[in-house]
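Student: Residue strings, one per chain:
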Amino acid sequence: MHTGTSTLAAKVAYYPHTASLPWYVTVIYLAAAGSFVLSLKWLSSHKTARLGVKAGEVGMAAAIIATLFLPEIRQYNWIFTAGIAGAAIGALLAIFTPMTAVPQQTALSHAFGALAAALVGTAEFYAHQSHLTHFHAAVICVECLLGYLTFTGSLIAAGKLQEVLPTRPLVFKFQNPLNFIIFAAAVACAVWLAIDPGSGIIYPVFIGLALLFGVMLIIPIGGGDMPTVIALLNSYAGLSAAAMGFVVNNKLLIIGGALEGSSGFILSMIMCKAMNRSFVNVLFGQAQAEKAVATDDVYAGRIKKTTAEEVAELLTSARRVVIVPGYGLAVAQAQHVTAELFKVLEARGVDVQFAIHPVAGRMPGHMNVLLAEADIPYDHLHEMEEINGQFGEVDVVLVNGANDVVNPDARENPNSPIAGMPILNVDKARTVVVIKRSLSPGFAGIPNPLFARDNCLMLFADGKAATTEIIQQVKAL
Amino acid sequence: MGESLTSNVFVFLLAAFLGYEVVRRVSPQLHTPLMALTNAISAISVVGALTLAGAGEGHLLLITLGAIATACAMINVVGGFMITDRMLKMFKKRRDK
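Chains as they are written, first to last, in numbering that gives the first Met the number 0: chain A, 0 to 476; chain B, 0 to 96.
Only chain B is shown next, with the shape it has when bound in the complex (with noise of 0.2 Å):
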């Protein structure tokens, strides 16, 4: 685990700031759909509970731990993206009569 720590910490390192200069762009008035955003972006976690849930016959912590897992997740897949989009299509500019 050694070798792959360290270049996992340079991604996290990487990705945080990359983030940080990314995020510190958006405009105040989006705030509430960013978080909603990069929560879904975050449910990208569902991919280590889709291998869980799929583990096999014989495993019944693993894939039970593993299918309640992929359920959390892919609410806030679904949902994350959907009310992310839900809001920003009320964002309307001034409406031409």
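So that you can see chain A by itself, here it is in the shape it has in the complex (with noise of 0.2 Å):
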């Protein structure tokens, strides 16, 4: 490896010349960057969804097999070598991943396409090391400080929600302090290589500070923040695929890194405002003020208790119900047991629909995967918007595994922590019934009145078992 590195450089006809790309090639491009964008347009369908995973498909592979044919390309072996191992990995990731184990596998596969961006960079970096213009540093070092720090992010996060690592928030003094020190640190390193490309140890100090602020960036975050960070690490891993696009000068890239940058940005947007949150406080707001609320004011006398039994008997009298299941529900993973409770009261001539709201699972849009793959039609799952103004007209609504997101605090009290934050507005129903096991308060810390209402029943069991044995109920009525 003894070349120096300008020789080796010479040796490389540099490949981001994409000015000289060949025709074809230039037009196969163009054709993916559309197929990409229809894609995603598709997917806004339920109907044509599945004819957008084909046309992103088609356009990766003419891609894929048009770069394949570029003269830069002097050698196959390693390139089948390593796309069949990766192909293969790719597929059985995909074929035996449970849908309850989405959420890991979505952070795991955020990891690796961090790591294919920060790893290019590093490439990149080396293999021009003697004749960098000031620019194209910075902009490898922007690609490598978001590919390692979002490589590292994500298995922190994978580690959580797999439960290998502790899913509770690991904070300790001056941590705020510290973390921004190392980014100072790494932006630091990242400023002197755009001015100096050639000192040659600041680079791998640069991309061990990038290593460790991604681990410091996630270790503070706690499991019911998870949405929200699962889509923000989406948006950053985009984010260095499109940095690459610029390194190595191609267009396509930029575009299916950028998409991706923008869907992880909504995605994380509409997650912080479910929870009323903003992206500073998710990231750097551990210590969250907790207002001692006396519960006993907002709960004493006023809490009624009920059995599985007269559950059964009220949904099998009711003509409409609607189901919340709450983040509870994911982690308990009673998805199974729900369905089968909707089946046998649907089967009796209950109207049951389901109510989403979207922070109920452990990323965006995971409770409805869960839901359909127990076989739920999906005409019956609705979105908070689109349910909350029809409470008023549902007999019985079972709150199972939610707190905050049904806590209408919310909506009346304005001195509330959560006072604005969107809920589902399940108190206007003719009957409340809340499945938890104790009054213990959710992630925002507070008491929820709904409890105390008139028209609220609590069910204090495990979610589980009480939708089996409330199911039993209803079976031997």
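In short, the hints are calculated from the structure, not lab data.
Here the structure is a predicted model, which is why all the values come from computation and not from measurement.
C-beta atoms are modelled at their ideal positions from N, C-alpha and C, and glycine is treated no differently.
There could be a bad hint or two in this list.
Below, in silico cross-link-like pairs of lysine-lysine (BS3-like), each with a Cα-Cα straight-line distance of 30 Å or less [to be verified]:
| id | chain 1 | residue 1 | chain 2 | residue 2 |
| --- | --- | --- | --- | --- |
| 1 | A | Lys463 | A | Lys342 |
| 2 | A | Lys304 | B | Lys92 |
| 3 | B | Lys92 | A | Lys53 |
| 4 | A | Lys272 | B | Lys91 |
Between beta-carbon pairs, the in silico distance windows are [said to hold, decoys possible]:
| id | chain 1 | residue 1 | chain 2 | residue 2 | range |
| --- | --- | --- | --- | --- | --- |
| 5 | B | Val8 | A | Ser44 | 27 to 35 Å |
| 6 | B | Gly57 | A | Glu162 | 24 to 32 Å |
| 7 | B | Gly57 | A | Pro168 | 21 to 29 Å |
| 8 | A | Leu91 | B | Arg23 | 32 to 40 Å |
| 9 | B | Tyr19 | A | Phe68 | 30 to 38 Å |
| 10 | A | Asp453 | B | Arg23 | 23 to 31 Å |
| 11 | A | Glu308 | B | Tyr19 | 49 to 57 Å |
| 12 | A | Ser198 | B | Phe9 | 26 to 34 Å |
| 13 | A | Val330 | B | Arg23 | 27 to 35 Å |
| 14 | B | Tyr19 | A | Asn387 | 20 to 28 Å |
| 15 | B | Arg23 | A | Gln74 | 29 to 37 Å |
| 16 | A | His335 | B | Tyr19 | 31 to 39 Å |
| 17 | B | Arg23 | A | Thr306 | 43 to 51 Å |
| 18 | A | Ile194 | B | Val8 | 17 to 25 Å |
Coverage of chain B stretches by chain A, computed from C-beta distances (three or more under 8 Å per stretch; other residues unrestricted) [unchecked claim]:
| id | stretch |
| --- | --- |
| 19 | 3-9 |
| 20 | 14-27 |
| 21 | 40-46 |
| 22 | 60-69 |
| 23 | 72-83 |
Build the complex: two chains, separate frames, hints provided.
Tutor: So, in structure tokens, the structure goes:
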């Protein structure tokens, strides 16, 4: 490896000169970019969604094949070995990942994508170190910083979701100042490299800092904020791919990366809004002021307990039932028993719908996937805006594993920490049944006045066990 | 790099805005498949990795980094599209019995 970087670089026809792309490759890249946009567009409707996947696949395959014919590629053995190995791993992951594990699989794929971008950036840096322009070096640094921090950050997120790492936030004194110092040091290295790309020792230090910062960024984040974090890492992974497009001067990469970047951005905005938090708050705000609200004042003497038998009677005598599955249901993996309850009630002629809050699952849209897998037709799954106006005509709402997202304080109490947070207006229904282990607060750490309302009944039990018991009682009726 | 930079920034901005408008219209029901799909699409970065992995004799560092990057990106290309389709297949309308 002692060819010396300059001769090394001279030998590599520097491929990013896409100005010299053969015309047919340019045409195919253009078509691929179009197919990617169409692919996302077709995802907007259930009817065309799978066609969208096909469009993306065709565009991707065409772009890869066209690239293989570029004159810069002189040797195929490593391409095929690595390509086939990667394809095999990807296929195995896609086939065998259980739907409950999709969040960690998604986090892992962000790690892979970011690592690919970071490694290409590293290779670019070393191949051209001797003759990098300041600007080119700066762009490579952006690519590597984003790539490496997303790589380790996503691995930590995947570890937390898989529960091989502790899911609770890991916080310590001076955490934010320390993180800031690490980030500032990484940026300082990047600036140094942009000014003097030749300085040998700085680049590895820079990589180390980026890797470390990714870890530090995610360890203080708790399980409840994971939906936002995955969406944010989704955005970073896309941006690192786009940065790679800038480095190798390839517009197709820029487009592909920008699409993921903005998609991840939208999703994290939606998640933040749904939890009434800001990005800054999710990333740095572990010290959420816990306002000690005297729960006794809210609940004292007003809680009405119920039994599975009574709930079964209520449900079977109702015309319209809405089930609100929450994060707790996803964690307890109670989606299949919930689907069974749905079928049992439907068989008795009860109209059963599902109301799904954006943060109900462990990642955006996760609850829908879990319920769809449990065989609940998707026209029975309703998003918040769609169903919120209809609760007044609902006989029984069954809340399972949700708390803050049905807290009427968000709507009625301007002094509440969750004031303004979008919630499901379940309190407007005739009867609300809440399945919950205890009166303990949710992520917001505040009591829920819903539990004390006249139309609310509490079934204190584990979500999965309670649902199973209700099914038995319904069958026995 | 100056001229290509300007046009690249234009492309990036337009693609980001287009992505924003298109993704906004995706139903929240499909947000998980959406994430898997965009992840597969951004794995187009495999194109950059391929050129490195195929750099030819004498470029051990480039080939090694390129080959690992190719493998990583291919995991997302194949895995991303496949799992998206697997999820979408599960969304069924009311079964007609």
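Student: If a hint holds in the structure, say so; if it doesn't, say that too.
Tutor: Comparing the hints with the structure gives:
| no. | hint | in the structure |
| --- | --- | --- |
| 1 | A:Lys463 - A:Lys342 | holds (16 Å) |
| 2 | A:Lys304 - B:Lys92 | violated (37 Å) |
| 3 | B:Lys92 - A:Lys53 | holds (21 Å) |
| 4 | A:Lys272 - B:Lys91 | holds (29 Å) |
| 5 | B:Val8 - A:Ser44: 27 to 35 Å | holds (32 Å) |
| 6 | B:Gly57 - A:Glu162: 24 to 32 Å | violated (46 Å) |
| 7 | B:Gly57 - A:Pro168: 21 to 29 Å | violated (49 Å) |
| 8 | A:Leu91 - B:Arg23: 32 to 40 Å | holds (33 Å) |
| 9 | B:Tyr19 - A:Phe68: 30 to 38 Å | holds (34 Å) |
| 10 | A:Asp453 - B:Arg23: 23 to 31 Å | violated (40 Å) |
| 11 | A:Glu308 - B:Tyr19: 49 to 57 Å | holds (51 Å) |
| 12 | A:Ser198 - B:Phe9: 26 to 34 Å | holds (33 Å) |
| 13 | A:Val330 - B:Arg23: 27 to 35 Å | holds (29 Å) |
| 14 | B:Tyr19 - A:Asn387: 20 to 28 Å | holds (25 Å) |
| 15 | B:Arg23 - A:Gln74: 29 to 37 Å | violated (44 Å) |
| 16 | A:His335 - B:Tyr19: 31 to 39 Å | holds (36 Å) |
| 17 | B:Arg23 - A:Thr306: 43 to 51 Å | holds (45 Å) |
| 18 | A:Ile194 - B:Val8: 17 to 25 Å | holds (22 Å) |
| 19 | 3-9 | holds (count 4) |
| 20 | 14-27 | holds (count 13) |
| 21 | 40-46 | holds (count 7) |
| 22 | 60-69 | holds (count 9) |
| 23 | 72-83 | holds (count 12) |
Checked against the numbered hints above, the structure breaks hints 2, 6, 7, 10, 15 and satisfies the rest.
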